[in-house]
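Enquirer: If you read the sequences in order, they're chains D, Z, C and F.
Those letters in the first sequence? Residues 254 to 475, per this note's numbering, in order.
Those letters in the second sequence? Residues 254 to 475, per this note's numbering, in order.
Those letters in the third sequence? Residues 85 to 384, per this note's numbering, in order.
Those letters in the fourth sequence? Residues 85 to 384, per this note's numbering, in order.
Read the hints as simulated data drawn from the structure, not as lab findings.
For each residue, glycine too, the CB sits at the ideal point set by N, CA and C.
It is possible that some hints are incorrect.
[Stated by the list, open to error] Facing chain Z, from chain D, some residues (calculated, C-beta under 7 Å):
| no. | residue |
| --- | --- |
| 1 | Pro288 |
| 2 | Ser289 |
| 3 | Glu303 |
| 4 | Ala306 |
| 5 | Thr307 |
| 6 | Gln338 |
| 7 | Gln341 |
| 8 | Asn416 |
| 9 | Ile417 |
| 10 | Leu448 |
| 11 | Ala471 |
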Amino acid sequence: MITLQNASYAYGADALLEGMSLELSQGSFHFLTGPSGAGKSTFLKLLYAELRATSGAVHLFGQDARTMDRDEVAGVRQRIGVVHQDCQFLDHLTIAENVALPLMVQGKRAGADLLDLLAWVGLNDRVNAKPPELSGGERQRAALARAVILSPDVILADEPTGNIDWEMSQKVLQLLVELNRMGKTVMVATHDIALIRAAKPQVASRVLRIQNRHLHLAGADL
Amino acid sequence: MITLQNASYAYGADALLEGMSLELSQGSFHFLTGPSGAGKSTFLKLLYAELRATSGAVHLFGQDARTMDRDEVAGVRQRIGVVHQDCQFLDHLTIAENVALPLMVQGKRAGADLLDLLAWVGLNDRVNAKPPELSGGERQRAALARAVILSPDVILADEPTGNIDWEMSQKVLQLLVELNRMGKTVMVATHDIALIRAAKPQVASRVLRIQNRHLHLAGADL
Amino acid sequence: MSGLLDMAQSLIRPQGASDTVVPPTGFTARLTVFVSAAMAFLAVFALALTVSANRLADRWASELAESATVRISAPPAEVEIQVAAVLRVLDQTAGVASARILTTEEQRALLAPWFGPDVPLDTLPVPTLVEVIQDGDGFDAEGLRLRLSTEAPGAVLDDHTRWRAPLVQAASRLNFLGWLAVILIGATTGAMITLAANAALAANAQVITVLRLVGAHDRFIAQAFVRRFTLRTILGAGIGTLIGLVAVIALPNGPDDGFLTGLGFSGAGWLLPLTLPILGGIVAFFATRAAADRTLKGLR
Amino acid sequence: MSGLLDMAQSLIRPQGASDTVVPPTGFTARLTVFVSAAMAFLAVFALALTVSANRLADRWASELAESATVRISAPPAEVEIQVAAVLRVLDQTAGVASARILTTEEQRALLAPWFGPDVPLDTLPVPTLVEVIQDGDGFDAEGLRLRLSTEAPGAVLDDHTRWRAPLVQAASRLNFLGWLAVILIGATTGAMITLAANAALAANAQVITVLRLVGAHDRFIAQAFVRRFTLRTILGAGIGTLIGLVAVIALPNGPDDGFLTGLGFSGAGWLLPLTLPILGGIVAFFATRAAADRTLKGLR
Ligand SMILES: Nc1ncnc2c1ncn2[C@@H]1O[C@H](COP(=O)(O)OP(=O)(O)OP(=O)(O)O)[C@@H](O)[C@H]1O
Ligand SMILES: Nc1ncnc2c1ncn2[C@@H]1O[C@H](COP(=O)(O)OP(=O)(O)OP(=O)(O)O)[C@@H](O)[C@H]1O
Ligand SMILES: [Mg+2]
Ligand SMILES: [Mg+2]
């Protein structure tokens with residue numbers, strides 16, 4: 254699905270991430286961890302072509318990210334569901350419309366499963382609220398719903414449980430695991446080690462750790 | 254400092270919070286917890302006069318929140334430091350300027366302690382970055398720095414550790430405890446029960462819980 | 085051309101997803117409609133002035149040019165011969181439609197201001213006046229003068245050039261100023277719409293980012309803005325043109341023949357201001373599309 | 085008045101914190117400057133047209149009014165008596181500065197168009213012409229006519245009313261249109277600035293929220309916007325006025341006396357367009373302050 258070959262990224266002069274190689278094969282489940290500011294979000298941005306690697310190669314669904322034009326980037330994003338760390342919403346649309354946005358921009362209409370999805374993340378009674386009228390945790394759950402509405406091949410979640418309590422976190426994790434069982438490739442960036450531990454019995458996941466600009470496979474200590 | 258007498262709040266027709274009474278005395282330390290969407294952020298907004306109680310009385314520094322005019326609200330906010338859940342920044346200013354904003358809007362200049370403060374939250378090398386160039390955790394730490402720069406009487410923190418790893422969370426907690434020892438009144442809304450537990454040995458805190466629209470004092474089970 | 089086709093297409097298409105997805109742009113919207121309306125209103129006035137001045141210039145020019153006169157003063161014995169010669173010469177001159185001797189009444193009317201209404205024409209050595217009606221481009225005054233001087237030495241041609249020139253010049257000057265104003269107003273409107281579109285796009289940078297993030301194509305995003313601004317400009321310009329036309333019609337009109345009292349359009353001229361909304365729409369379409377393309381190129 | 089004092093104060097104050105705290109408004113800024121410049125430019129032209137038309141009307145009116153004529157046609161025996169009577173009457177008429185009989189040469193020049201240059205004035209029953217120079221407000225034409233008809237029945241007063249009226253009317257009409265344009269342009273500019281300020285405030289709703297949250301007073305927030313828009317409008321209007329004045333001066337001038345060829349200002353008239361930036365600034369100040377107050381009231 255997605256491969257990195259010796260990829261590096263630098264915002265300015267100094268490299269933030271260096272010499273990263275990785276292959277996200279179909280149906281794999283990865284956690285991404287590391288201290289705040291290590292580059293977790295940056296790494297995910299490379300995977301959905303918001304950023305372009307400063308050196309090395311990134312391939313998305315076989316396409317070289319360096320040579321993709323703007324329409325191809327849009328196309329790739331329709332195959333990757335992303336939970337952004339700062340939950341990007343359109344404040345003038347309702348939560349239902351925001352969750353259906355990936356459909357709308359393709360000119361499609363949302364079906365009845367939209368309500369099912371919203372019920373699953375516990376937002377069935379907030380369907381017509383605007384994003385600023387949601388609590389922090391509600392927004393994060395809505396972001397998760399939006400990421401999966403297109404039933405994408407790859408799901409990238411950046412701190413999907415940062416603002417939600419433990420029980421809700423468990424439910425979110427379960428949804429991700431379920432999606433993974435359906436064959437989706439999942440990557441979850443999180444600082445919550447308890448969450449990673451809780452996932453262990455449920456799914457055969459690999460834990461990646463960004464430290465000192467490099468991507469490591471975390472040991473059994475987690 | 255701040256008192257609530259039988260205060261209620263409703264966004265629409267249905268009450269979200271009901272019959273809450275509380276006195277935040279000087280030097281007290283409170284945690285506020287409860288499930289996602291229970292009304293933690295809403296409760297805090299009543300305390301810094303962003304929302305007005307729909308019934309009951311809220312007094313801020315002896316002033317009735319219902320009768321305050323716009324300038325008095327501004328004045329009260331200069332005495333209350335708030336860490337907002339969605340870290341509100343001005344994207345065209347640097348982090349240093351954003352942290353110094355409460356000073357700037359009073360026409361004052363930031364002194365050398367601004368850099369000390371930024372170093373304390375681990376942002377000394379991101380001083381001149383713009384907010385969108387920060388990681389999620391960095392933004393949350395900057396929000397904390399901004400909340401305390403005026404050395405306010407009361408500090409209200411809404412999920413100050415939602416996006417930061419455990420070690421950093423501990424540091425943030427320590428800062429809040431330190432401020433409390435200096436006589437500041439502190440209230441921290443969080444869904445992170447581990448954090449509350451970690452605070453137990455350090456400070457004599459009370460834990461409030463919002464459940465079923467009411468404010469409870471949480472038992473020793475925490 | 086293909087641009088215009090695109091435009092027609094994107095306007096005709098029923099309101100789609102891309103319209104809901106971009107937030108209502110509130111004040112920028114009103115600003116655009118208002119600017120278009122105000123500028124169209126001013127443009128209608130400038131056009132009316134221009135067209136009126138043009139018409140006036142034409143009328144003056146033709147009224148004066150059409151009726152040249154030849155005055156024949158000669159000893160009584162020679163008058164008839166010279167008059168005949170003049171008529172013959174005029175008959176042979178290209179650009180002269182007809183020529184006729186003024187009647188006694190007409191001469192009397194012309195002289196009345198000087199001698200009072202009861203001019204004893206018979207007792208006066210009044211010259212004979214021949215009215216010359218031109219056709220087409222008129223005749224070559226210099227050539228005619230030359231021929232007359234040889235064949236009828238007592239004949240003097242007066243083609244009113246002396247009067248015509250400054251009047252025609254004044255009118256064409258007003259015409260020039262009018263067009264200058266129309267062009268200025270047009271250019272200004274174009275620039276304003278461009279800036280307003282850019283302001284709206286800048287204000288919606290966040291929206292555009294989100295849309296790109298969820299996989300929207302550039303075309304989808306641009307279309308919403310382009311469609312909106314084009315329709316708004318057409319609406320505004322339409323309103324402005326309408327009010328402008330009503331105002332031009334309602335403007336108190338002075339006596340029928342006074343200078344500038346006939347401010348307005350005539351005949352097919354009424355169609356001229358109706359092009360304003362169309363032109364405005366075309367300008368808005370291309371300006372917004374350029375602005376949208378530029379903004380989008382800044383994102384991934 | 086206190087508003088104007090506020091305005092002066094907030095403009096004079098050196099750039100403060102509130103200016104940095106509000107983000108640069110990019111396209112809205114350019115839009116404001118551009119709109120002010122374009123409208124000031126158009127206003128300068130409209131003003132020039134108005135002032136010129138006004139001047140023209142005055143000149144025509146006075147030129148024609150100054151020289152009225154009295155024509156005396158009478159049996160040869162009575163001519164002298166009647167002429168004397170006319171001169172006496174004129175001498176006693178208020179508003180008449182002087183009156184004199186035209187010389188033979190002047191009469192000949194007047195009649196030349198009709199009879200050729202060699203008019204045998206002696207053999208013609210040519211009326212005597214008396215030129216009347218008015219002063220001040222001129223004389224009462226009707227009263228004079230009445231007196232003349234009794235004291236010199238052969239005298240006819242021609243005060244050129246017939247010519248003057250339409251010309252003066254045309255010029256004052258142009259004047260009216262000019263003022264109408266100036267007022268329209270002014271109102272339009274005011275509305276545009278208001279809308280632009282509102283658009284900028286709406287685009288900065290987020291900024292205003294953050295500022296309120298950290299304890300900023302309304303005054304602090306409003307000031308940044310007000311100051312910015314006022315300065316920008318003054319800047320834009322200043323540039324527009326300047327370019328407008330340069331254009332008015334540079335406009336190719338026709339022959340000295342032609343109608344409208346003297347488009348421009350004269351004397352103190354040059355100060356008139358210089359009020360445009362000041363007026364623009366005042367409009368911008370109050371429009372932005374009202375908009376800011378309204379926006380702020382919507383938040384806590
Ligand atoms: N647009 C940008 N320009 C410059 N520097 C940036 C930009 N975005 C992020 N950075 C910096 O790069 C580093 C990594 O940021 P990133 O958001 O990837 O961290 P993260 O691992 O996701 O952290 P967190 O757990 O706090 O979200 C941070 O120090 C951040 O300040
Ligand atoms: N402006 C608003 N209008 C209407 N409803 C709102 C508004 N803001 C919040 N709500 C609703 O009120 C409820 C409480 O919101 P609040 O943000 O206080 O929750 P919270 O306890 O902070 O939750 P979280 O832990 O997820 O941040 C939520 O269901 C939310 O959807
Ligand atoms: Mg991150
Ligand atoms: Mg909350």
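Enquirer: Double-check D:Gln341 for me: the hint is only fine if its C-beta lies closer than 7 Å to a C-beta in chain Z.
Expert: At 11 Å from the nearest chain Z Cβ, D:Gln341 fails the 7 Å test, so the hint is violated.
Enquirer: For the restraint on D:Ser289, tell me whether the closest CB of chain Z is nearer than 7 Å.
Expert: holds, 3 Å
Enquirer: Verify the interface restraint on D:Ala306: the C-beta must sit less than 7 Å from at least one C-beta of chain Z.
Expert: violated, 18 Å
Enquirer: Quick one, is the D:Ala471 hint okay against chain Z at 7 Å, beta carbons?
Expert: violated, 14 Å
Enquirer: Quick check on D:Pro288 please, does its C-beta sit within 7 Å of some C-beta on chain Z?
Expert: With Cβ-Cβ at 6 Å, under 7 Å, it holds.
Enquirer: Is the shortest C-beta separation between D:Leu448 and chain Z less than 7 Å?
Expert: Result: violated, 12 Å to nearest chain Z Cβ.
Enquirer: Go through the hint on D:Thr307 and say holds or violated, using the shortest Cβ distance to chain Z against 7 Å.
Expert: Violated: closest Cβ of chain Z sits about 16 Å from D:Thr307, beyond 7 Å.
Enquirer: Using the nearest Cβ pair, does D:Glu303 come within less than 7 Å of chain Z?
Expert: violated, 12 Å
Enquirer: Against chain Z, with CB atoms and a cut of 7 Å, does the hint on D:Asn416 hold up?
Expert: This interface hint holds because 5 Å falls under the 7 Å limit.
Enquirer: With 7 Å as the cut and Cβ atoms as the points, is D:Ile417 at the interface with chain Z?
Expert: holds, 5 Å
Enquirer: Is the hint on D:Gln338 kept, meaning its closest Cβ partner in chain Z is under 7 Å away?
Expert: holds, 4 Å
Hint violations for this structure: numbers 3, 4, 5, 7, 10, 11, all remaining hints satisfied.
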